[in-house]
Every structure is written in structure tokens, then in C-alpha cells.
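Chemist: Protein chains in written order, with the working numbering: chain A, 78 to 190; chain B, 860 to 974.
No lab work stands behind these hints, which were simulated from the structure alone.
One should not assume that every hint holds.
Said to hold, decoys possible - To spell it out: a stretch of chain B is covered by chain A in this simulated footprint if at least three of its residues, at any positions, have a beta carbon under 8 Å from a beta carbon of chain A; those stretches are:
1. 871 to 880
2. 905 to 919
To be verified - Partner residues aside, some chain B positions facing chain A, computed with beta carbon under 8 Å:
3. Y891
4. F893
5. Y898
6. G902
7. F926
8. K936
9. D944
10. R953
11. K961
12. L962
Glycine included, each C-beta is placed from N, C-alpha and C at the ideal position.
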Amino acid sequence: NAGVTQTPKFQVLKTGQSMTLQCAQDMNHNSMYWYRQDPGMGLRLIYYSASEGTTDKGEVPNGYNVSRLNKREFSLRLESAAPSQTSVYFCASQNRGLADTQYFGPGTRLTVL
Amino acid sequence: AQSVAQPEDQVNVAEGNPLTVKCTYSVSGNPYLFWYVQYPNRGLQFLLKYITGDNLVKGSYGFEAEFNKSQTSFHLKKPSALVSDSALYFCAVRPDTGTASKLTFGTGTRLQVTL
Numbered sequence: 078n079a080g081v082t083q084t085p086k087f088q089v090l091k092t093g094q095s096m097t098l099q100c101a102q103d104m105n106h107n108s109m110y111w112y113r114q115d116p117g118m119g120l121r122l123i124y125y126s127a128s129e130g131t132t133d134k135g136e137v138p139n140g141y142n143v144s145r146l147n148k149r150e151f152s153l154r155l156e157s158a159a160p161s162q163t164s165v166y167f168c169a170s171q172n173r174g175l176a177d178t179q180y181f182g183p184g185t186r187l188t189v190l
Numbered sequence: 860a861q862s863v864a865q866p867e868d869q870v871n872v873a874e875g876n877p878l879t880v881k882c883t884y885s886v887s888g889n890p891y892l893f894w895y896v897q898y899p900n901r902g903l904q905f906l907l908k909y910i911t912g913d914n915l916v917k918g919s920y921g922f923e924a925e926f927n928k929s930q931t932s933f934h935l936k937k938p939s940a941l942v943s944d945s946a947l948y949f950c951a952v953r954p955d956t957g958t959a960s961k962l963t964f965g966t967g968t969r970l971q972v973t974l
């Protein structure tokens, strides 16, 4: 039982390049989330998927797209990376209930030059 | 809209002393409240949560948190700090009604425990 896994762990991109961050969970959770973490700003929600087949914008969706590939996998795509997207990205998952706990992956550290 | 405030960027405490990390929240209706810890270069780990019932919630690693509805606070506490408790701590909230399952986080408090 690996929990929430993310790949890659580290990535360096040049401005304008594209990439996809992968996330998978093996806890049979319905909901999945993408956050970014920046110093002094806590975690900010980029996109989330409340259930398989649905996705919704969070607080900071501009410049990102997501795909809920199946119940296990939720990917985040940067179509044209910008230096402002330099951040640490975390994926999380939880069951459907509002009281349920979110569980986080280990993160992807992305640098855009 | 829901929000969380963690008024201290950093808390310093000597090992063996009690520690408190403060959190206040704003939410429509009743809150579900969570504390997470983040060690360097790691993801967030769940510590404890308040859903309903007893205002004192016990969690992992000897941590506990006290829910105070009148002060809209959910402070994290530990009776005796360890150097290994040094980490970044996040408080989070969501309302207990509605369909949205988004969790709102505070900006984090860095706990530094020294010998």
C-alpha cells in the first residue's frame, strides 16, 4: 500500500516547455487534488476532481490543465511553463465525505528557468 | 468563503517545554478542522482532526488540539516538545455542509525545538 505517489520528484524546465506531473493513489479514494506550495503562502489549490469523470478549478488554475484518467490517476499539465510556476506541487486524495482526511504525496519540485 | 490564520510564522521552544501552535478559522456553518505536519523535503502528514464531540482531540506523536467555538480557534499543543518535532505545521478547515470538498490551509508555522 504505497498511498499517494507522484512522478517525477524533481524537474527543471525552460520557459515555454510543457510537461505533465503524474499522481496515483491506491486507497480507492474518490476525490483527488493538486496543490502548489510557495514560501509564505501555504498550500493553494490548483484543480480538484471530486469523483472520477469530474474536474473543477481551484484557487489558482491559470496555466494548468488536469486529467482524471481513472479513479486512481490524476495528472497535472503545464502547457507552456513560466517562471511563476516554479513551485513544489503536491497531489492529495481522500474519500467522498467532508470529514474525511486528505492524504498527500511526496511532492514534485519544479523549477522553470 | 472559508479562511485560516496562523498568526506566528515561527515558534521557538526548548526541548521538554510545552508547545502551542495557534490557528484561528472562519467558515460558514460548523467546521471540520485538521492539523498537518511537513518535515523537510517531504509531503504533508496528517496529525489530527476535529469533526464533532469532545473539544480536545488527540492525535499522532503526542500532539493534541483544542477546539474553541466561541474563539474560532483550534490550537495545536504538546505537553513536552522534542527536537524531532521541529517541522512546518499547517492548520486547515472546511465547512461541514455543502458539496465542495475543498480544504483551505493556513500559511504554516515553523516550529523550532532546541536543546
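Chemist: Run every hint past the structure and note whether it holds.
Modeler: Going down the list of hints, with the structure as the test:
no., hint, result
1, 871 to 880, "violated (count 0)"
2, 905 to 919, "holds (count 3)"
3, Y891, "holds (5 Å)"
4, F893, "holds (7 Å)"
5, Y898, "violated (11 Å)"
6, G902, "holds (4 Å)"
7, F926, "violated (14 Å)"
8, K936, "violated (20 Å)"
9, D944, "violated (19 Å)"
10, R953, "holds (6 Å)"
11, K961, "holds (6 Å)"
12, L962, "holds (6 Å)"
Hint compliance for this structure: hints 1, 5, 7, 8 and 9 are not met, and every other hint is.
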